[in-house]
Amino acid sequence: MLRYTIRRFFLMIPTLLGVAVLVFLLLRAMPGDIVEVRMLMDGGQVSPEALALERARLGLDQPLIYQFYHWITGIMVGDFGTSMWTGRPVIEEIGNRLGLSLQVAIMATILAVMISIPLGTISAIYNNTWIDHVIRAFAIAGLAVPSFWLGMLIILGLLLTFNWIPPLTYTPIWEDPIRNLSQLIWPAIAVGYRYSAVATRMTRSTLLEVLQEDYIRTARAKGVYERLVLSRHAIRNAMLPVVTVIGLEFAFLIGGLVVTEQVFNLNGIGKLFVETVTRADYTMVQALVMLVAAFFIIINFVVDLLYAVLDPRIRYS
Amino acid sequence: MKLRLGTLILGLAAFALTTGGVDAQTPKKGGILKFAVGAEPPSYDCHRETSFAFIHPVRPHYNTLLKFDEANYPKVVGDLAQSWTVSPDGLTYTFKLHPNVKFHDGSAFSSADVKATYERIAHPPQGVVSIRKAAYEDIASIETPDPLTVVFKLKAPNASMLTNFASPWDCIYSAAKLKEDPRYPEKNVMGTGPFKFVEHAAGSHWVGERFKDYFVKDRPYLDGFRAIFITNTSARVNALQAGEVLAEFRGQSPADEKKLKDALGDKINVAESPWVCSLVVTFNVKRKPFDDVRVRRALSLAIDRWKGAEALSKIAVVRHVGGVLRPGYELAASNAELETYPGFGRDINKARAEAKKLLAEAGVKDLKFKFLNRNVPMPYTPVGVFVIDQWRQIGVTAEHEQPETKAYIGNLRSGNYDVGLDFNCDAVDDPNLQLLKYLSSDKSTINYGHNIDRKVDELYEKQKRELDPKKRAAILRELEKHILTEANTVPVVWWHRIIVTWKQMHGWHMSPSHYINQDLQNVWLDQ
Chain A
1 MLRYTIRRFF LMIPTLLGVA VLVFLLLRAM PGDIVEVRML MDGGQVSPEA LALERARLGL
61 DQPLIYQFYH WITGIMVGDF GTSMWTGRPV IEEIGNRLGL SLQVAIMATI LAVMISIPLG
121 TISAIYNNTW IDHVIRAFAI AGLAVPSFWL GMLIILGLLL TFNWIPPLTY TPIWEDPIRN
181 LSQLIWPAIA VGYRYSAVAT RMTRSTLLEV LQEDYIRTAR AKGVYERLVL SRHAIRNAML
241 PVVTVIGLEF AFLIGGLVVT EQVFNLNGIG KLFVETVTRA DYTMVQALVM LVAAFFIIIN
301 FVVDLLYAVL DPRIRYS
Chain B
1 MKLRLGTLIL GLAAFALTTG GVDAQTPKKG GILKFAVGAE PPSYDCHRET SFAFIHPVRP
61 HYNTLLKFDE ANYPKVVGDL AQSWTVSPDG LTYTFKLHPN VKFHDGSAFS SADVKATYER
121 IAHPPQGVVS IRKAAYEDIA SIETPDPLTV VFKLKAPNAS MLTNFASPWD CIYSAAKLKE
181 DPRYPEKNVM GTGPFKFVEH AAGSHWVGER FKDYFVKDRP YLDGFRAIFI TNTSARVNAL
241 QAGEVLAEFR GQSPADEKKL KDALGDKINV AESPWVCSLV VTFNVKRKPF DDVRVRRALS
301 LAIDRWKGAE ALSKIAVVRH VGGVLRPGYE LAASNAELET YPGFGRDINK ARAEAKKLLA
361 EAGVKDLKFK FLNRNVPMPY TPVGVFVIDQ WRQIGVTAEH EQPETKAYIG NLRSGNYDVG
421 LDFNCDAVDD PNLQLLKYLS SDKSTINYGH NIDRKVDELY EKQKRELDPK KRAAILRELE
481 KHILTEANTV PVVWWHRIIV TWKQMHGWHM SPSHYINQDL QNVWLDQ
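Each protein sequence line maps, in turn, to chains A and B.
Okay, so the first sequence: first residue is 1 according to the working numbering, each after it adds one.
Okay, so the second sequence: first residue is 1 according to the working numbering, each after it adds one.
I should point out that these hints are in silico values taken from the structure, not numbers from a laboratory.
Just so you know, not all the hints are guaranteed correct.
Here are the in silico distance ranges between beta carbons for each label pair [what the hints assert, rightly or not]:
id: 1; chain 1: A; residue 1: 73; chain 2: B; residue 2: 198; range: 56 to 62 Å
id: 2; chain 1: B; residue 1: 180; chain 2: A; residue 2: 309; range: 58 to 64 Å
id: 3; chain 1: A; residue 1: 274; chain 2: B; residue 2: 293; range: 37 to 43 Å
id: 4; chain 1: B; residue 1: 461; chain 2: A; residue 2: 179; range: 42 to 48 Å
id: 5; chain 1: A; residue 1: 274; chain 2: B; residue 2: 85; range: 47 to 53 Å
Derived contacts from chain A toward chain B, CB cut-off under 8 Å, selection only [to be verified]:
id: 6; residue: 37
id: 7; residue: 46
id: 8; residue: 47
id: 9; residue: 93
id: 10; residue: 153
id: 11; residue: 155
id: 12; residue: 159
id: 13; residue: 161
id: 14; residue: 171
id: 15; residue: 262
id: 16; residue: 265
id: 17; residue: 275
Residues of chain B placed beyond 12 Å of chain A at every Cβ, according to the derived structure [what the hints assert, rightly or not]:
id: 18; residue: 94
id: 19; residue: 178
id: 20; residue: 216
id: 21; residue: 288
Note that beta-carbon positions come from the ideal geometry of N, C-alpha and C, so glycine has one too.
Isolated chain B, as found in the complex (with noise of 0.2 Å):
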């Protein structure tokens, strides 16, 4: 019993830190949250974009089907579904959606609404392009029985659908604008969400004000916001510390949060979390001597990840040792189960005795080559030192490369590198993202090791279609030690994120992603 309780505490006191505490005030109306944003939406539509500077303005203005629990994350609720069914078989979704719900516009939003927007997603028409239309390729048929239901038929179970109907990019469009122009999200905000959409002056800022008909009750609490993008992180921080900007929902750096901490003390909260992105070193392996599993398996061995991590975790941006899913995620690999993979032990010193002997078995002497890395300073900069720093201690020397991004995506692309550090962020923890990495190259387009892997094809599907989570845990750890194994690109670190607020900023909540959690229907100011 006591050690229960004990459990039971430590569970409540790692909750209380990982979601920045709870807010125990009485909500108050009103007021503008003042937000920075460190980059620009490029287009309007929710279906084309992949960046977090999309989001954070963009995000408030919209409804999705489904949504995460903002304190309880990852479990799934209802965002515009009231609620919903899945069918024993997995194969049929049954969505009820809430009644009275109005676009910006004043129409009244229905299950065509939620048809027209999967449909869009699912089969782009011409000149619309959908970047996650994979997630929706086992959908057989979308179906709206009556005004207030809709129901996804599947053509094969698929473990992660409900995951997919929460992604905070599948915003809700009206299907009458959508039969007008299928491109017309690309230019125009106009969804059912919180805020309606005032203004984007480019390159400065970008305004919501509260949408009046919003369908949650009393919902939103703030008047408005008022997005300022700041691309300098120095900036950045100068405008939270004069309290121009209350918030940034993408991260601080460990010095950051300390500048911040120093000279604000309590005004402000700090919040901190693993996060659903880490850093990978990717071999090429069109280019010897990296395609022998050898010295690729070498080169992750001599990787301290466990030090490395934690040394790290003072100067950058990450902290954590995981595996191919973000550690604490549910479906990850526990730290003992880690251990027992090429590259995870704790004993280095015997972990670089063998990196060494592989190296000579492969018949690789005084390995020299190029290490491509992104040229952005936080954490890929330190991160690449690092690495660099455990190969010297093996006897190979690599030569630190940091183009810029356009050049770096380019060269990992088409092959033009020897060794690379890449990174695999995911908008929510879902083995059927991040393990698109680690796909064969023919399957997927971020394989910048250019391999091919029919056995990781294999159990990918195979945990796809697994709908009983154990099972599911069980093919992710087989997938996992192969993929350890043979090296192709081998975890690293794992990210960690600090986000600061100010104090007056309550009913936002912290999450392994800052992707979600972004529509500010419950975020108010205590002012």
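The following block holds chain A by itself, in its conformation from the complex (with noise of 0.2 Å):
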């Protein structure tokens, strides 16, 4: 097990090495640069010499391979520059909006174990009766109904209802819990519904699958209470996909709610990313991308480890 862990941990680098080898050459593929964007977004002439000039001070000037072997190797100790856009250290810009995203990525999360497992264990249980109708009805409408849209249903029936909308601007739990959970409950909300409608659709499946196998029908053969069935023999064969996927979806949240963030103006890593691709801002854009690969690359390894303590026949030799 821990060579495997530590096999699978050396896998990450050039997975890694990879994503920044794409990231950054696509960044320079595209038309225009950063310094055109800050300097002539919003019109006004422009000097030709203000323009290399600033082209110098961030380093674009330099030929491509030396500004990545600049960037891989200040990576390598720890240093992912400073943005080009705002000239603030990129882990300060990031550190300053990912507390705000894993909280509303667990918020979600809870939400969405707290309604799948159950959901989607009655839904299967129930299977083809009219309760697990309207739990897959409620699934569908979850998966087919984007996250953003839900946000603006809930912004605008918290405006019209009561003439009030979440506080605008991020304050840590720690400061203010009931400011905090007012402001990052909602987006939990419209973001927790269609993963929960995920994380139901595939506990119902894999569990309707598991409850035809031979073991279950042994166990009921053998007379096991059915309570005992499913929450000993089922349930805990069932979660195998179920995690996966809830593993998957929590990467996603830390960089995926693009527009949710900007529909409740939440200083997150969506809205950042929007911001930073927009202003061709490569070095946030590239330790941005590289965040999100490794969050993706980390989950991943944290649920194939899970995957040994749910079902201990999975050995990892």
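From the two separate chains plus the hints, produce the assembled complex.
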């Protein structure tokens, strides 16, 4: 197990390096650069000297290979550089926003797990009854409704009913828990609904499959209580693909709440992503892509390890 | 006499409409003004930035030498300057400065600070980016005979010099700080303005508090301000509707204005004004057939600007038909003059018949091209769709392309496009600024048509040096007619600014620019 863990950990390095090369080249393949966006986006005459000076200041006048070497060697010593737009360290910019995105992701995950596991299980147990139909309709609606749209409905609902919208600026939970939750509960519900819909569908289908297995029939034949059959034999075995889905969704939420964060004016990673892509802030986009890629890889890694916990038959030799 | 009285009443009504009414109440002290800003300032340096997102949170921390009279735009009044004189030959500008002005760190302000500031703008030291350096290229020397006097001597007269000195971008910095580090303002906010800098939470908000030693007696009224960065338009409008912010100073669309009026009724004020911002069609003359003036003129003639502006005003932040200068500006063409220019006549059928004839003469049949536009919905998309439809009516097919901003600007600059919808926005009305778009491409970095027209360059220089407004206007008309006839770049429609504010906010005045009137010195809250 230890050898497997170490091997998987070192496999992350070539994956991240591939991501680094790809994002670096793709960003520069497009016409225009950050200097043009920054200085010409609002109109007005800017001299070629000013543009050249700014490019030199940002190191964009250097050969691509040099820029890449400079960036990648920086990453190796933990220096992700400074944002070309704000001039502040990339780590600081991301750090300012990561807490909020993580909290929304955790809240949405808790919500999704609390809803999806019971609903998926009930749906599988009462397969093809009206209860199953209602739960399936709930889940399909969750898949069909984009989170940002649900977010917009929530905001409009609050605005029209209570003439109130969630706070516009973030307060950490340890400073003011009520204000924090009154801001973040709404986006957590908006994304948690879709998230729970995915997990409900997965729980239902895998549980249905497991319930057809021989060992379930054997357990029932032996006279084991149905509750024990479900909790000890069925649900535990059905959880493997559900854990995978939950893990991937969690990783997605870290950088993927692009529109939802805008709708709720959340100063998170998704909003930062959109802003930095629009601004062509190379260093920031590169760091964000690396961050999201690293999150996906780490979550996958953790999910793989969880497999062994959930199913002792799985051994990584 | 009746006519005069009627004119006066109409004038007063128009003034009231454009300024959003006059505050008759006694200002109250205190309160924090919360307002929304649609983007975030990249650095803190006035001299290197160009965005309204910079001006709205940062301008309240600074003063400029002159500024525009808030209630009487475009009249120029003193800010740090108490008074000024201009020599008859227009070559010497002498400013007397306000005494007892302090910087936020407690140090005294003097003429040395003005000199250091303008030296930094006109002759930026190594590593300093000065965007508006060209505006001060006529300055020969800056002298400071005493701590409260500063004298600018010019190499040649410049009709726009006072406007330049009132630019909202020319924040006055501390000479001592600039001496320590010429790039000090990039990461520090320290001026003489009505508000001291408190906090900038990246991506979230910006906070300023009242500067107790501000040199203007009893100002500012507010205890402070809080600018909240809200990039999403719907979120901004929702914040306004909920009263989470009392204003957003860039502008709202007609649809958002209606939504807010319906929801809030008489709780809000709505102020409107023509905007120093136009959308222009630019032809890439390096690509055929746009190197042929007949083709360019035909495409300009096909656009029904008058009816288009009227229709578009219902859905987009555009409303006005104008030439190269903002309609309503004292040096702009009147409607009667405009109608004599190609593409600005009222008889669209006649214009389109002429357009078809010109295309036939040029040997162009079934013209098809790609139309490059910005991927910003308001107002670029509706205006782009409108223009394409206008061309369709003379048998021309244009394919609408809206790449993201970086590719849009990159393609315009590199000439990787056929025809584009470009914008011409400035901080103030000034022919020297608005005409830069039309100068030859070797003299202007924002001429994306990549054309050379020496007559434009010559007339531009002539109007710049002409100090008599009447003579300058005559030169401008000649220049405008030439530009619109050659049709390398042609205006389509001018923007219309709509600002919605909650009624408890007073003392802010509407103007045709979203860059001025933003020091918040006279703003107060009735609460």
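A quick look at each hint next to the structure:
The beta-carbon spacing between residue 73/A and residue 198/B, approximately 38 Å, falls outside the hinted interval of 56 to 62 Å. At about 60 Å, the beta-carbon gap between residue 180/B and residue 309/A stays in the expected band of 58 to 64 Å. Between residue 274/A and residue 293/B the C-beta distance comes to about 42 Å, which sits within the given range of 37 to 43 Å. Checked against the hint of 42 to 48 Å, the C-beta distance between residue 461/B and residue 179/A comes to roughly 59 Å, which is inconsistent with it.
Checking the proposed 47 to 53 Å range against residue 274/A and residue 85/B shows it holds: the Cβ atoms sit about 51 Å from each other. Hint on residue 37/A holds. Least Cβ distance to chain B is approximately 5 Å, under the 8 Å limit. Annotation: residue 46/A was flagged as interfacial toward chain B, and the flag holds, the nearest CB pair being 6 Å apart, inside 8 Å. Taken as an interface hint, residue 47/A checks out: its beta carbon lies about 6 Å from the nearest beta carbon of chain B, inside 8 Å.
Evaluation of the residue 93/A hint against chain B yields a held restraint, the C-beta minimum of about 6 Å falling below 8 Å. For residue 153/A, the suggested interface contact is broken, since its CB lies about 12 Å from the closest CB of chain B, more than 8 Å. The criterion of a C-beta within 8 Å of any C-beta in chain B is met by residue 155/A, whose closest approach is roughly 6 Å, and the hint holds. For residue 159/A, the shortest C-beta to C-beta distance to chain B is roughly 6 Å, which falls under 8 Å, so the interface hint holds.
Contact between residue 161/A and chain B, as hinted, is not supported at the beta carbon level, the nearest pair being about 12 Å apart and thus beyond 8 Å. Violation of the interface hint for residue 171/A is found here, the shortest Cβ-Cβ separation to chain B being roughly 10 Å, above the 8 Å cut-off. Annotation: interface hint on residue 262/A holds; nearest CB of chain B at approximately 4 Å, less than 8 Å. Nearest Cβ of chain B to the Cβ of residue 265/A: about 5 Å, under the 8 Å cut. The hint holds.
Taking 8 Å as the C-beta cut-off, the interface hint given for residue 275/A holds, the closest approach to chain B being about 7 Å. For residue 94/B, the requirement that its beta carbon stay farther than 12 Å from each beta carbon of chain A is met, with the minimum near 28 Å. Listed as a non-interface residue, residue 178/B keeps its Cβ farther than 12 Å from every Cβ of chain A; the least gap is roughly 18 Å. No Cβ of chain A comes within 12 Å of the Cβ of residue 216/B; the nearest lies about 29 Å off, and the non-interface call holds.
With 12 Å as the threshold on Cβ separation, the claim that residue 288/B sits away from chain A holds: the shortest Cβ distance comes to roughly 21 Å.
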